Amino acid sequence: MKKYFILLLVMLSAGLILQGQGTDQLVNTCVMNAGPNCKYLKDFRIQLSKAPAAGELRYKTQMSLWKNTKYKFSMCTADDSKGELILTVKNDANQVVLSSFDPKTGKTYKSVDLVCNRSGIYQLNYDFKDGQQGSGVGVISMVK
Amino acid sequence: MKGRSFLILLVFAFVCFSCRNSSNNNSQFVFPEADSVPVGEAEKLSTEAIEEIAKNISSPVEIANLLQSLAVPFSPDYLASSIDANRQTTLFEKAFTLGILGADLGYLNMYEKTGSSIDILSSIRKLAEGIRVGQFFDFETIKRLSLNKSNLDSLLFLSIDSYTQIDKYLRENDRGQLSALMIIGVWIEGQYLATQVMTEYPDPVLRDRIGEQKIILNDLIMLADPYCSRDTEFGVLCKDLQDIKEKYRDIRITYTLGEPVSREVDGALVVEQTETSVVEMTDEQLAGIIDITKNIRNKLIANN
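Residue numbers (the working numbering), protein chains in the order written: chain Z, 1 to 144; chain U, 1 to 304.
Isolated chain Z (complex conformation):
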């Protein structure tokens, strides 16, 4: 019984250490793969269950974007996700500025560059394609 207890302690400790390493590793990989001229600004760590019905992108956040700056939005999806991470960016007038998913062609882009000419606070909406379950990371970098 004692050896099981020790084993339990060891496994719990290992579990706590491993906890979150998957996401952190994905963040690191996503940041480093953004490109040689990219400087990291921010990341958003997204984990969603399957949506009950198709609708708006569910993970909503915001950030300021500045004129005369080129931004790169990179989306990295964890291997065990059912759908690919997608992003839509809207301006403060709720107009879509960019989307990483083209519904006409069905194509999903892993990264999108934005040449920003209007300073303001933008809404970033993330989800997994077709409202699927998944986890992933959205990284925003500046392109020099």
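Any given hint could turn out to be false.
Label pairs and their in silico Cβ distance ranges [said to hold, decoys possible]:
no., chain 1, residue 1, chain 2, residue 2, range
1, Z, 96, U, 249, 45 to 53 angstroms
2, Z, 95, U, 284, 33 to 41 angstroms
3, Z, 49, U, 255, 14 to 22 angstroms
4, Z, 28, U, 77, 30 to 38 angstroms
5, Z, 78, U, 282, 47 to 55 angstroms
6, U, 129, Z, 55, 42 to 50 angstroms
7, Z, 55, U, 199, 50 to 58 angstroms
8, Z, 133, U, 199, 49 to 57 angstroms
9, Z, 82, U, 82, 49 to 57 angstroms
Rather than coming from a laboratory, the hints here were simulated on the basis of the structure. Predicted model, so just to flag it, every value in this text is computed and none were measured. Glycine is no exception: its CB is placed at the ideal position from the N, C-alpha and C atoms.
Could you slot chain U onto chain Z? The hints should help.
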């Protein structure tokens, strides 16, 4: 049989703990919260609202990047090098100075003056430990990356991420006033950097960036607002922010409309905005902003 059941329980517990999301990684840290904000006070602005506001404040790395793109040479004169971390006694001073030095670190890193950043890193570590968030600042790794200059990307990521973790932890542990101070410190130093460069190397792009800060100024004031009556130090800071806001009052930001243009370049999507923002700011208004920024920033770090 008893042993087998226990083994199943053990495996189940392992699986449960291993698969949890990392967002709560630091929830196990519990400190005695003598410096926490009473619940009623913190409730004035929800945690989510504060988090959203915090995200809107531009990174000092963006200002440094802009200065680099304008071919502005590096100058150590812009840095708050007179700051002595040992002389910061109150939590207010420690958190605010942590913000100031965070902006300076971003400036040094972007200009790859990483060897010169060791003193600032040491101060940051002392200040972070002073407000009991030292565990989020991986000093040794950042120092190593700074000294060997081998991986600027990792250095930038780790530096910014440390500040993000500190900010998040403070907010989640009812110490939002320290998070607010840190963010305001970062902004004031970034603004100081931009306005000081503007006096030496006037440029229309930099001028616009200074004027555009009006967009986030209200957010900054909202961030400080729940704590303005907390103590004298906060009261003075809130008044300073109001004074800056007053200088921005008549600056206008207008927009020209246009649809974004998308194109594929080597398989990647590139979107260019055709709508633009235009800043209308007189030379007198700009001079007023430069003056007030310098006065407030220097006053706030004067006790060093």
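To see whether the hints hold, each was checked on the structure:
For the hinted restraint 45 to 53 angstroms between residue 96 of chain Z and residue 249 of chain U, the CB-CB distance of approximately 32 angstroms leaves it violated. A C-beta distance of roughly 35 angstroms is found between residue 95 of chain Z and residue 284 of chain U, which places it inside the suggested range of 33 to 41 angstroms. Taking the beta carbon of each, residue 49 of chain Z and residue 255 of chain U are about 38 angstroms apart, not inside 14 to 22 angstroms as hinted. Look at residue 28 of chain Z against residue 77 of chain U: about 35 angstroms separates their beta carbons, and that is inside 30 to 38 angstroms.
Range check, residue 78 of chain Z to residue 282 of chain U: Cβ separation about 52 angstroms, and the 47 to 55 angstroms hint holds. The supplied range of 42 to 50 angstroms is met by residue 129 of chain U and residue 55 of chain Z, whose beta-carbon atoms lie about 46 angstroms from each other. Checking the proposed 50 to 58 angstroms range against residue 55 of chain Z and residue 199 of chain U shows it holds: the Cβ atoms sit about 51 angstroms from each other. Taking the beta carbon of each, residue 133 of chain Z and residue 199 of chain U are about 54 angstroms apart, inside 49 to 57 angstroms as hinted.
For the hinted restraint 49 to 57 angstroms between residue 82 of chain Z and residue 82 of chain U, the CB-CB distance of approximately 55 angstroms keeps it satisfied.
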